[in-house]
Structures are given as structure tokens and as C-alpha cells.
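Now for the letters of each chain:
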Amino acid sequence: MNSKLDGYLNFQQTTISLLARRQEVLASNIANADTPNYKARDFDFNAVLAKKLKSANNTTASTDALGADLLYRQVIQPSADGNTVDMDVERNLFAENSLRYETSVTMITGQVKDMLAVLQG
Amino acid sequence: MSSLLKVFDITGSAMISQSKRLNTVASNLANAETVAPPGGTPYKAKHVVFTATPLGDDASTGVTVEKIVEDSTPPKMVYNPGDPSADANGFVSMANINVADEMVDMISASRSYQTNVEVMNAAKSLFLKTLTISQ
Numbered sequence: 273m274n275s276k277l278d279g280y281l282n283f284q285q286t287t288i289s290l291l292a293r294r295q296e297v298l299a300s301n302i303a304n305a306d307t308p309n310y311k312a313r314d315f316d317f318n319a320v321l322a323k324k325l326k327s328a329n330n331t332t333a334s335t336d337a338l339g340a341d342l343l344y345r346q347v348i349q350p351s352a353d354g355n356t357v358d359m360d361v362e363r364n365l366f367a368e369n370s371l372r373y374e375t376s377v378t379m380i381t382g383q384v385k386d387m388l389a390v391l392q393g
Numbered sequence: 002m003s004s005l006l007k008v009f010d011i012t013g014s015a016m017i018s019q020s021k022r023l024n025t026v027a028s029n030l031a032n033a034e035t036v037a038p039p040g041g042t043p044y045k046a047k048h049v050v051f052t053a054t055p056l057g058d059d060a061s062t063g064v065t066v067e068k069i070v071e072d073s074t075p076p077k078m079v080y081n082p083g084d085p086s087a088d089a090n091g092f093v094s095m096a097n098i099n100v101a102d103e104m105v106d107m108i109s110a111s112r113s114y115q116t117n118v119e120v121m122n123a124a125k126s127l128f129l130k131t132l133t134i135s136q
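In the order they appear, the protein sequences are chains A and B.
Reading the first sequence from the start, the letters are residues 273 to 393 in my numbering.
Reading the second sequence from the start, the letters are residues 2 to 136 in my numbering.
Isolated chain B, as found in the complex (with noise of 0.2 Å):
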């Protein structure tokens, strides 16, 4: 029975996990167009680092977000001599970002997020079975 209820902790973590990569993929895709102010460096792609925690015993493991790294690809370089950021050259740097691998990330964040509210939900429903004994 505590069983089932652990399981609760172990998704949950893992929702939390999700929610907090799809954050990450929010303000990467929200910065994606960002030009870097005169002399400053532009906006940098964060992605989160996922580890596995434990939950007390050995069956049960969790999952937190142990840091969120900084993309460490250069800015992109647009020729824009006119644009008043623009360096001596004529070159605006702008937000290391591609937007293909945000979207596939914000999918594949959102379906394992999906997938773990359906892993809770068959949990609920044992426990709600289980308190059903006898009757």
C-alpha cells in the first residue's frame, strides 16, 4: 500500500522535472530572435541536467534537475551593418539558439510529463481498488 503511494513522490518528481525543462525551452524559444546589446554578449540556450535521486529505499527513484547548464555554442553572427548593435565589422551577434532541437525538446518534454500523470493516475486508481477490499 505505501508502495502506491510512493509512486506519487516518483512521478511527481518527475512532472516537476519536466515542467522545469519545458521553463527552460519556454525562455530559449521566448529569447530565440534577441540581439546582444552594443559591447554585451548575447542571450545563451539553457538546458537542464536531469539526475536520478533516490526516495528511500532502492525501488524507488526519483528525479531532480541538478543544474541548468549554459549552451556553450557561439552566438550566431548576422551581417547587419545598419543595426545600431552592430560591431565594426557590420556583425549583430545574436542568441545561440535553434529553434528545431527547442521544439523537439518542448515534445519530448511535454509527452513524458503526459506520461508520468497517466503512470499517477493508474496509481490512484490501484489505491482506490485496494481500499475496496471486502466490500
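The shape of chain A in the complex, shown without the other chains (with noise of 0.2 Å):
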């Protein structure tokens, strides 16, 4: 039953994890918006969710570090100081990450009240 759990909320569960992740990679490069030199940085969302549950699916637990996946953002304008973080774009990007987290949990809450549904009948 536990594992079964485990499995019905498993893609809502990593999805979220990853969007917060995200949400603190892009908090980041937000952040560094006037460093000199700084390198905006992302990752290729589908690809490290469709990793992560193909892991999920051999491990319970899949608390690999996000590390390696970490991406350089291609530029769209240089500048003279080097920094390449560009604010519309990644203004844009966490707004859709913010709205894709919530839609995450209210997904996740949905399936608990299913779940809650069929336990009293």
C-alpha cells in the first residue's frame, strides 16, 4: 500500500521539487542581475524530469544533486561587463515556474482529497 502511495504522488512530488529548484536557480540569476561576469544558468526542466523519474522508478528516493544538469544560458544581448543575465527573459521564466508550481499543488491537493474520497467511501 506504501509503495503504491509512493507511486500515485511520485510525479507531482518530483515535479515539485525540481520547480523549487528551479525557482531558486532563476532567484539566483536574478540576484546577480549587475554582477560583472556572471553567467545566467538553467536547466533543461523536461529533460532532468523525465531523469529523475526513470531513477525513481529503480530507487525510492531520488536525491541525486541537480549539479550537473546546471546549463549556461545562451546570450541574447552581450554586454560590456560580461554578465549575460537578461531580465525579461528571466523575469518571464519565473513567472511561468511560479504558475507551474502552484498548478503542481493544486494538482497534488486534488489527488489527496481523491485518495481521502475513496478511504470513506
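The hints are simulated quantities; they were obtained by calculation from the structure and are not laboratory data.
Some hints could be false.
Below, a list of computed lysine-lysine pairs in the DSSO-like style, where the Cα atoms sit at most 30 Å apart [to be verified]:
#1 B:K130 / A:K276
#2 A:K324 / A:K276
#3 B:K130 / A:K323
#4 B:K68 / B:K21
#5 A:K326 / B:K47
#6 B:K125 / A:K323
#7 B:K68 / B:K45
#8 A:K385 / A:K323
#9 A:K385 / A:K324
#10 B:K125 / B:K21
#11 B:K68 / B:K47
#12 B:K21 / B:K77
#13 A:K276 / A:K323
#14 A:K311 / A:K324
#15 A:K311 / B:K47
#16 A:K326 / A:K385
#17 B:K77 / B:K45
#18 A:K385 / B:K47
#19 A:K324 / B:K125
#20 B:K47 / B:K21
#21 B:K21 / B:K45
#22 B:K68 / A:K311
#23 A:K324 / B:K130
#24 A:K311 / B:K21
#25 B:K77 / B:K47
#26 A:K385 / B:K125
#27 A:K323 / A:K311
#28 A:K326 / A:K276
#29 B:K125 / A:K311
#30 A:K385 / A:K311
Covered by chain A, according to a simulated footprint, are these stretches of chain B (three or more residues, beta-carbon under 8 Å) [said to hold, decoys possible]:
#31 6-17
#32 24-34
#33 42-56
#34 61-74
Ideal Cβ positions, reconstructed from N, Cα and C, are used throughout, including at glycine.
Could you use the hints to bring the two separately framed chains together as a complex?
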């Protein structure tokens, strides 16, 4: 029963933790918008999620570090101080990421409610 | 979840750094019209140097003020032979501050500060939303 519940909630749980992680990366980019030579970073959300879900099938907990998957953002407009943070891009992605996070939380709440409905009859 | 708390550290460090920048701008603007005492050197404009600081892991990078440097441009020389602090040629040396530059710096710092506050608020509301799972 335990593992079935884990499996039931695994997708949203992985998604939520990854989205929180991405929020952190995007916040770092925005925080460093004025830092000379800072290179904006991000990760391929779909690829990392697919990898995490795959590894979750073998082991119950997938807590491997995200570090290796961090990439550098493609430069849209070069700047004199070597900083590659584009505020428009970062703010867009940040807003989008927040929305995805809220969606995931709403979905997992729905799943929990469904499960409770089944249990209570 | 703990990642969202990290956002507070990140934006917090950025806010501290930007307010230090605003502080240096304030002291530069305050000293814009200052004159060197006789035989002394005038006030020199100060600028902050930001540096990216890793906070624990790869994903989170904060900002700190690495150092505060003095502007190396020569002081403004104003011809005013009547001034008691004028040199032998009648020039008074004044602080090397460009008010327009400082105003631009001030606006940039306050906008960055605002953005970080917004990011922090977003992280806060997401965190609170997470606490309502299954409610």
C-alpha cells in the first residue's frame, strides 16, 4: 500500500521539488543581474524531470544532486561587463515557473482529496 | 521546499548588496559639492564591486559586495581665486562626482532592489501554498 501511494504521488512530488529547485536558480540569476561576469544558468526541466522519474522507478528516493545538469543561458544581447542575465527572459521564466508550481500544488491536493474520498467512501 | 527557503537567502543577499550600493550613491551625492581643504585631497567617488557568491550548492548563487573602490578620475578643478582653499593658481579642487552618473546608479539600484523584493514575495506565496497541500 505504501509503495502504491508513493507511486501515486511520485510524479507531482518530483515535479514540485524540481520546480522549487528551478525557482532557486532563476532567483540567483535575478539577484546577480548587476554582477560583472556572472553567467545566467538554468536547466532543461523536461530532461531532468524525465531522468528523475526514470531513476525513481528503480529506487524509491531520488535525491541526486542537480549540479551536473546546470547549463548556461544562450546570450541574447551581449553586455560590456560580461554579464549574461537578461531581465526580461528571467522574469518571464520566473513567473511561468511560479505558475507551474502553483498548478502542481493544486493537482497534488486534488489527488490527496481523491484518495481521501476513496478511503472514506 | 527547502529550495524555496534558499530563495530568501539569495534575494536577501541581493537586497543587502543593492542597499550598500544605494548607500555609496547617497554619500557620493551628499559630497558632490565638497571642496578639498587647503593642501588636502577632495572627496573621491566610491563604487561598489559586486561578486557572485555560491550559497551551499550549485543551484543557488547570492551576491555580496566584494569591495568598495575609489574612483580614480582626477578632481574637478574650479577657478575661484577668492576661495580660501584655492591653490597658488587660483583653482579649487572639488570632489570628482558626476551627478548624472550617480542618479542613474541610484535608479538602477532601487529597481534591482524592488525586483528582488518581488521575487521574495513570490517565493513566500509559493511556500505558503505548499503548506496548504491536502487542505
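- In ascending order, which of the hints set out earlier in this document are inconsistent with the structure? 5, 18, 30, 32
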